[in-house]
Amino acid sequence: MTNPNNISLNISHALEFIDGHALNIPTLKILSEQGDILDGATKPELDKETALKIYSTMRFIRLLDERMQAAQRQGRISFYMQCLGEEAAITASAAALKQDDMIMAQYREQAALHYRGFTLEQFMNQLFSNEKDLGKGRQMPVHYGSNELNYLTISSPLGTQIPQATGYAYGQKLKHIDKESGELSSEIDNVTICYFGEGAASEGDFHAGLNMAAVHKAPVIFFARNNGYAISTPADEQFKGDGIAARGVGYGIKTIRVDGADTLAVYEATKKAREIAVSTGEPVLIESIAYRLGAHSTSDDPSGYRTKDEEAEFKNSCPVARFKSWLLKQGWLDESEDEAIKDKIREEILAALKVAEKVQKPALEELVSDVYDTPIPALQKQYEELKEHIKQYPDAYPVTAGRIK
Amino acid sequence: MAKMNMLHAINSALDISMAEHPQACIFGEDVGYFGGVFRATSGLQEKYGKHRVFNTPLTEQGILGFANGLAAFGAPALAEIQFADYIFPAFDQIVNESAKFRYRSGNEFDVGNLTIRTPYGGGIAGGLYHSQSPEAYFAHTPGLKLVVPRNPYQAKGLLRACIKDDNPVIFFEPKRLYRASVGEVPEEDYSIEIGKAEVVKEGSDITVLAWGAQMEIIEQAAIKAEEAGISCEIIDLRSILPWDAETLIKSVTKTGRLVVSHEAPITNGFGAEIAATIQKECFLHLESPIERVCGLDTPYPLALEKEYVPDALKVFEAIKKSVEF
Numbered sequence: 000m001t002n003p004n005n006i007s008l009n010i011s012h013a014l015e016f017i018d019g020h021a022l023n024i025p026t027l028k029i030l031s032e033q034g035d036i037l038d039g040a041t042k043p044e045l046d047k048e049t050a051l052k053i054y055s056t057m058r059f060i061r062l063l064d065e066r067m068q069a070a071q072r073q074g075r076i077s078f079y080m081q082c083l084g085e086e087a088a089i090t091a092s093a094a095a096l097k098q099d100d101m102i103m104a105q106y107r108e109q110a111a112l113h114y115r116g117f118t119l120e121q122f123m124n125q126l127f128s129n130e131k132d133l134g135k136g137r138q139m140p141v142h143y144g145s146n147e148l149n150y151l152t153i154s155s156p157l158g159t160q161i162p163q164a165t166g167y168a169y170g171q172k173l174k175h176i177d178k179e180s181g182e183l184s185s186e187i188d189n190v191t192i193c194y195f196g197e198g199a200a201s202e203g204d205f206h207a208g209l210n211m212a213a214v215h216k217a218p219v220i221f222f223a224r225n226n227g228y229a230i231s232t233p234a235d236e237q238f239k240g241d242g243i244a245a246r247g248v249g250y251g252i253k254t255i256r257v258d259g260a261d262t263l264a265v266y267e268a269t270k271k272a273r274e275i276a277v278s279t280g281e282p283v284l285i286e287s288i289a290y291r292l293g294a295h296s297t298s299d300d301p302s303g304y305r306t307k308d309e310e311a312e313f314k315n316s317c318p319v320a321r322f323k324s325w326l327l328k329q330g331w332l333d334e335s336e337d338e339a340i341k342d343k344i345r346e347e348i349l350a351a352l353k354v355a356e357k358v359q360k361p362a363l364e365e366l367v368s369d370v371y372d373t374p375i376p377a378l379q380k381q382y383e384e385l386k387e388h389i390k391q392y393p394d395a396y397p398v399t400a401g402r403i404k
Numbered sequence: 000m001a002k003m004n005m006l007h008a009i010n011s012a013l014d015i016s017m018a019e020h021p022q023a024c025i026f027g028e029d030v031g032y033f034g035g036v037f038r039a040t041s042g043l044q045e046k047y048g049k050h051r052v053f054n055t056p057l058t059e060q061g062i063l064g065f066a067n068g069l070a071a072f073g074a075p076a077l078a079e080i081q082f083a084d085y086i087f088p089a090f091d092q093i094v095n096e097s098a099k100f101r102y103r104s105g106n107e108f109d110v111g112n113l114t115i116r117t118p119y120g121g122g123i124a125g126g127l128y129h130s131q132s133p134e135a136y137f138a139h140t141p142g143l144k145l146v147v148p149r150n151p152y153q154a155k156g157l158l159r160a161c162i163k164d165d166n167p168v169i170f171f172e173p174k175r176l177y178r179a180s181v182g183e184v185p186e187e188d189y190s191i192e193i194g195k196a197e198v199v200k201e202g203s204d205i206t207v208l209a210w211g212a213q214m215e216i217i218e219q220a221a222i223k224a225e226e227a228g229i230s231c232e233i234i235d236l237r238s239i240l241p242w243d244a245e246t247l248i249k250s251v252t253k254t255g256r257l258v259v260s261h262e263a264p265i266t267n268g269f270g271a272e273i274a275a276t277i278q279k280e281c282f283l284h285l286e287s288p289i290e291r292v293c294g295l296d297t298p299y300p301l302a303l304e305k306e307y308v309p310d311a312l313k314v315f316e317a318i319k320k321s322v323e324f
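Residue numbers (numbering that gives the first Met the number 0), protein chains in the order written: chain S, 0 to 404; chain W, 0 to 324.
One chain only, chain S, in its complex shape (with noise of 0.2 Å):
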């Protein structure tokens, strides 16, 4: 029988609509609060040097965070977000990732970029701005990218990474395909993590990525991240069915919730997400369930718009402490010396802070370089233009004014 109409082909005689929330679907939790294994889990295959590198970028990341905010508050950066309450989904996630998968983040995801390699260094030199910047000054603070680290420099528009996303892991996959029969030819390489909020999943772009992602099988791992808040709406002013995840169920994707301050549930269920994607060549979503910690951003108040009674209900279900004390009860942490790295991190995060706040503002040329491969000629008549103003009144630019050519 053919079906043009694409659908189930299940007749009924019963006047019956299924219920909005018929699916009732259930967050996957591997570790307790007190870091022990839950009865009926399994226990994750993850050994000690991963877990301890999936702790020691969480531990960075908290300490950085934590002096960044406090470095916008002194007036030295224009603006922070911190990753608060999130190390664990975001970090684990991109632990059960190979190194040259593709990260498509939305803003928070610093983790994810750091367990890739991103040094201090780097990290400052973004927030400050400076003519070190990969991003040559142009961003606003936390808006990071690397090529080499294969993790895609964060636009600001919300939601616009998810159809690019689609369309990268196309790429990926291409030439595992073979032209006469459509069908993989082959396990593919490598595949793109998308991470989005609950807010940014309420985007058209988010509805497009996903929808062409399944049409198209692309082999992405779309990573949603609830974590309760849009700036100050809460999730149920963002929607009313059953989270994210029943959305996956609706584009044919295969989906699972996961506990996202658990950082074992968040790294098994990404690594069997990954595991599907190249050797199907189809998409998986991801919903991870967190909290999130700390304000939007270094612009925004919560105090607004929750309560402290709330904020004190999360408090205990901090992601960085959960995993650690699954650690020690592993032995493979020692709480004197982890007291001891973080007193050296802070050390180095200070130093790092004070070297980047002095490098130089980026050169007048990154002002023009980079809009086209090579500066259109109407570009160029306005920058030889500026450059002649900027000489008659050097004093009202003094960040460029002094290395004009």
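Keep in mind the hints are simulated off the structure, nothing from the lab.
A hint or two may mislead.
[What the hints assert, rightly or not] Here are the simulated BS3-like pairs of lysine-lysine, each with C-alpha atoms no more than 27 Å apart in a straight line: (1) Lys163/W with Lys380/S; (2) Lys390/S with Lys253/W; (3) Lys49/W with Lys253/S; (4) Lys323/S with Lys97/S; (5) Lys380/S with Lys253/W; (6) Lys353/S with Lys131/S; (7) Lys163/W with Lys174/S.
[Said to hold, decoys possible] Pair ranges (Cβ atoms, derived): (8) Pro233/S with Pro141/W: 31 to 41 Å; (9) Leu283/W with Gln391/S: 18 to 28 Å; (10) Asp296/W with Arg402/S: 52 to 62 Å.
Glycine included, every Cβ here is placed at the ideal spot set by N, Cα and C.
Got chain S; can you put chain W on it based on the hints?
Relative to chain S, chain W alone:
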């Protein structure tokens, strides 16, 4: 050389581009087996496979989001938007993403592999939503290139240049001319440089400038003007971004007069940018005000399309007015 209409010429440019790069992909609404609603991609799915030439779901923002990702990966992304009137859901992906990809990343990433093809313009009884010329919206966005061909030969050479160019390009195809315009087109590969206008006919009394389908209109107007004893220099701008001010300045310096014509509404149309630049650069050479012959500031009409469009008579009147000033 073979005789081709504009669709054949575009198809030929796409065919060469698909053969050139094993990962180049063509995608958009109905571009697969059907070959597009205008048939510009006919036969290409059979030749290159369903995985490289494919229909997308009906989502322009998805098409451009996907295209940005594929281009960033390094594969030539040849996206089609079925009508330029429907490009607006993709506006954010084009204006905030494609155009800024290289700049915002400090050249860590780019989408130079992206080419967007889209039919534009009126004259097919398409009314509000199958007739628009939205080039000016995009001309306000640094990082994009915009190209418009006037005939099959130009279409093939310019499209090849757009695809090879290492920047995101929107290629506006004058749909009224898809089948109406027929001419000699080489079977082999060739490119026409982006950013260069062409003096189609030399003249001494007045410069008349247009691009795309409007070229045919100003050429008709120029014939009438010649009959009235006015010698017109006709220029095809070809690229709107970057645009070739130099060629135009040289021409207006010689003729002292300029008429610019485009189908899009006059207010803030690209003719305004041209007029502003020419009055600055040719101020002492101008012998009359620069005339703009454009669409009215209305949505594109249906029953009264003939009245709305900047036709040859309106252009002819503007030429006369300029010369008689």
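Status of the hints after comparison with the structure:
no. : hint                               : verdict
1   : Lys163/W with Lys380/S             : holds, 25 Å
2   : Lys390/S with Lys253/W             : violated, 35 Å
3   : Lys49/W with Lys253/S              : holds, 24 Å
4   : Lys323/S with Lys97/S              : holds, 24 Å
5   : Lys380/S with Lys253/W             : holds, 23 Å
6   : Lys353/S with Lys131/S             : holds, 14 Å
7   : Lys163/W with Lys174/S             : holds, 21 Å
8   : Pro233/S with Pro141/W: 31 to 41 Å : holds, 38 Å
9   : Leu283/W with Gln391/S: 18 to 28 Å : holds, 25 Å
10  : Asp296/W with Arg402/S: 52 to 62 Å : violated, 47 Å
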